[in-house]
Amino acid sequence: MRFTPLGDRAVTITLGDAIDLSTHRRVRSVCAALDAHAPPGVVDQVPAFASVTVHYDPALVAGDAARSPYDRLVAQLEEILSNTREEELPPPRVVEIPVCYGAELGPDLEDVARQHDLTPQQVIDLHVGAEYLVYMVGFMPGFAYMGGLPERLATPRRSTPRTAVPAGTVGIGGSQTGVYPLESPGGWNLIGRTPLEIFDIHREQATLLATGDHARFVPISRREFERWRDRA
Amino acid sequence: MSIRVVTGGLQTTIQDLGRIGFQRQGVPVGGAMDRTALRVANLLVGNDDDAAALEASLIGPALTFEEEALVALAGADMDATVDGSAVPTWRAIWLPPGSTMRFGRLTLGCRAYLAVAGGVDVPRVFGSRSTYLRAKFGGYQGRALKPGDVLGVGQPCARSRAIAKTLRSDTAAPHVARWTVTTSVRPRYSDDVVARLIGGAHVGMLTAPSRDALAGATFRVSSSSDRMGYRLEGTSLSLRQPVELLSEGVTFGTVQLPPGGAPIVLMADAQTTGGYPRVGEVASVDLPLVAQLKPGDRLRFRLVSLEDAQALYLAREADIAQARATIALNHNGKG
Numbered sequence: 336m337r338f339t340p341l342g343d344r345a346v347t348i349t350l351g352d353a354i355d356l357s358t359h360r361r362v363r364s365v366c367a368a369l370d371a372h373a374p375p376g377v378v379d380q381v382p383a384f385a386s387v388t389v390h391y392d393p394a395l396v397a398g399d400a401a402r403s404p405y406d407r408l409v410a411q412l413e414e415i416l417s418n419t420r421e422e423e424l425p426p427p428r429v430v431e432i433p434v435c436y437g438a439e440l441g442p443d444l445e446d447v448a449r450q451h452d453l454t455p456q457q458v459i460d461l462h463v464g465a466e467y468l469v470y471m472v473g474f475m476p477g478f479a480y481m482g483g484l485p486e487r488l489a490t491p492r493r494s495t496p497r498t499a500v501p502a503g504t505v506g507i508g509g510s511q512t513g514v515y516p517l518e519s520p521g522g523w524n525l526i527g528r529t530p531l532e533i534f535d536i537h538r539e540q541a542t543l544l545a546t547g548d549h550a551r552f553v554p555i556s557r558r559e560f561e562r563w564r565d566r567a
Numbered sequence: 230m231s232i233r234v235v236t237g238g239l240q241t242t243i244q245d246l247g248r249i250g251f252q253r254q255g256v257p258v259g260g261a262m263d264r265t266a267l268r269v270a271n272l273l274v275g276n277d278d279d280a281a282a283l284e285a286s287l288i289g290p291a292l293t294f295e296e297e298a299l300v301a302l303a304g305a306d307m308d309a310t311v312d313g314s315a316v317p318t319w320r321a322i323w324l325p326p327g328s329t330m331r332f333g334r335l336t337l338g339c340r341a342y343l344a345v346a347g348g349v350d351v352p353r354v355f356g357s358r359s360t361y362l363r364a365k366f367g368g369y370q371g372r373a374l375k376p377g378d379v380l381g382v383g384q385p386c387a388r389s390r391a392i393a394k395t396l397r398s399d400t401a402a403p404h405v406a407r408w409t410v411t412t413s414v415r416p417r418y419s420d421d422v423v424a425r426l427i428g429g430a431h432v433g434m435l436t437a438p439s440r441d442a443l444a445g446a447t448f449r450v451s452s453s454s455d456r457m458g459y460r461l462e463g464t465s466l467s468l469r470q471p472v473e474l475l476s477e478g479v480t481f482g483t484v485q486l487p488p489g490g491a492p493i494v495l496m497a498d499a500q501t502t503g504g505y506p507r508v509g510e511v512a513s514v515d516l517p518l519v520a521q522l523k524p525g526d527r528l529r530f531r532l533v534s535l536e537d538a539q540a541l542y543l544a545r546e547a548d549i550a551q552a553r554a555t556i557a558l559n560h561n562g563k564g
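Protein chains in written order, with my numbering: chain C, 336 to 567; chain R, 230 to 564.
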């Protein structure tokens, strides 16, 4: 565990140097420990692949004013985190994401299939056959970085990014897959779209996916897609 | 009480001190670019310092106040007038019903803040009234103000009412307060800024000449700069060798270095995480100076230790607390 200042109001706790399950479990257990006992002054925490960034107000950190707020906070964090236990993590949620694959909702499906010598249906089968792990949420509101894409589906980003990818679009970029929470520019290969709102400011939990969640994609027809949309 | 927007200006948005506690969902903190100006403008009208106010960039709006109002301007100087009479920044101003405030030529800084007693009242999204333009939420319908918009204003507190009452009776139009806050809480804006910088996590990855350049060369704010980040031109920085980093937390003031070599200072609407090397972090006390730079303006960095940056931060907070206490003492709400 290593502490590095991120400016004068945040500190990054580094817990590993690779994207792997054991590092991810350490990230989650640090978050759980800080959720349970955040030292005074801590205002936010941001889990990432191999670190947790803790944002704080230096004026509210407790302790002897002879030492800097950073030094005082790090001492308290070390104390709190010295006895975190990974086995106490709650079991992960499994979130099912219905996806209508191909055609105009997934314009790159055939291209991805061609690149891997697969049929479009085989791409869909592989994509829905895997269980994915949300390593972190970042980059834009609700954007989940997911691991677990079958190696056979890893596909380079497109040479020319699209200027506007609709919200809900499911893509593959390199060895990652994910869902665009908002309309945005994007260079991933677009294979389908979910009718679910990935990010909805009117929900208590605005993001559909949170760090540590497991996700599965479930294929639906275009007609089912429209029905989901109408219900929403 | 309401404010009618006559013209919107270039980009006028509602901002407060941002969204706290939602970054793990990828929701940026956002809020005012120049937090000191926002907070002081609020204190001048008797508000809490986190009330929502208007942030006007480069070209200000024209606004009509349907009823009487107590307002204050801070930050950039845009030659504001009330019904044709010039009014200063950093002072409380009482406006009679039907007053129209206009902004003219930008003479200092980039972003003007207009606080109104009671605060601008729009629904909170993730605990904040700040406008987040990229995802189109918060503020007034998630967008910059347009002609015809009507903004609600909250109920002024007793302190605000006391300030308004004194100005109305003791001053002639335009009803500008004779008092202001201590100059120590007013950032010294310029179009040629030296901002203090804490070395970033990856500063050691820079070449030696680039390390020297980071700590002394003059950068220019590029025209592709916005509330999310300022791209700096004029001096290119390079790494000793290319690196691939895992995405992790970034913040307002992070100086990151994309492969092109032009550093980016992340600003109020900074994304929550990033994967570029972080070569520096602007000291919080100097973020208002950076926030008031406009495209073409100059910026240099001077390295400072984390301890010194935090000491400066605590001193600024003490000054603001002192300003708040002084205003509370002089306007106890019973007058």
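Honestly, I wouldn't trust all of these hints.
Residues on chain R that point at chain C, a partial pick, calculated with CB under 8 angstroms [said to hold, decoys possible]:
{"no.": "1", "residue": "G255"}
{"no.": "2", "residue": "L335"}
{"no.": "3", "residue": "L337"}
{"no.": "4", "residue": "D350"}
{"no.": "5", "residue": "V351"}
{"no.": "6", "residue": "Y418"}
{"no.": "7", "residue": "S453"}
{"no.": "8", "residue": "V472"}
{"no.": "9", "residue": "S476"}
{"no.": "10", "residue": "T480"}
{"no.": "11", "residue": "A512"}
{"no.": "12", "residue": "L535"}
What follows is a set of in silico ranges between Cβ atoms, one per label pair, in the way DEER data are often shown [unchecked claim]:
{"no.": "13", "chain 1": "C", "residue 1": "S357", "chain 2": "R", "residue 2": "P471", "range": "44 to 54 angstroms"}
{"no.": "14", "chain 1": "R", "residue 1": "S451", "chain 2": "C", "residue 2": "E466", "range": "38 to 48 angstroms"}
{"no.": "15", "chain 1": "R", "residue 1": "S452", "chain 2": "C", "residue 2": "E466", "range": "26 to 36 angstroms"}
The set of hints was computed from the structure by calculation and includes no laboratory data. Ideal Cβ placement from N, Cα and C applies to all residues, glycine included.
- Item | Restraint satisfaction for T480(R) [CB to CB of chain C, less than 8 angstroms] | holds (5 angstroms)
- Agreement of hint S476(R) with chain C interface, Cβ distance less than 8 angstroms: Result: holds, 6 angstroms to nearest chain C Cβ.
- Identify whether the interface hint at L535(R) stands, where standing means a beta carbon of chain C within less than 8 angstroms of its own. For L535(R), the interface hint holds, since the closest Cβ of chain C sits about 5 angstroms away, which is under 8 angstroms.
- Status of the hint placing L337(R) at chain C (closest C-beta pair under 8 angstroms): violated (26 angstroms)
- Go through the hint on Y418(R) and say holds or violated, using the shortest Cβ distance to chain C against 8 angstroms. This hint is violated: Y418(R) lies away from chain C, its Cβ roughly 21 angstroms from the closest one there, beyond 8 angstroms.
- Holds or violated: is the Cβ of V351(R) closer than 8 angstroms to a Cβ in chain C? violated (13 angstroms)
- Query: Would the hint on S453(R) stand, with a C-beta cut-off of 8 angstroms toward chain C?
  - Reply: violated (14 angstroms)
- Message: Assuming the hint says 38 to 48 angstroms, is it satisfied by the Cβ distance from S451(R) to E466(C) or not?
- Response: holds (44 angstroms)
- Message: Min Cβ distance, D350(R) to chain C: is it shorter than 8 angstroms?
- Response: With a closest approach of 18 angstroms, the D350(R) hint is violated.
- Minimum beta-carbon distance criterion (8 angstroms), G255(R) to chain C: holds (5 angstroms)
- Falls inside 44 to 54 angstroms, the C-beta gap from S357(C) to P471(R)? violated (27 angstroms)
- Task: So, L335(R) near chain C? Judge it on the closest CB pair being under 8 angstroms.
- Result: violated (29 angstroms)
Hint check: violations occur at hints 2, 3, 4, 5, 6, 7, 8, 13, 15; the rest are consistent with the structure.
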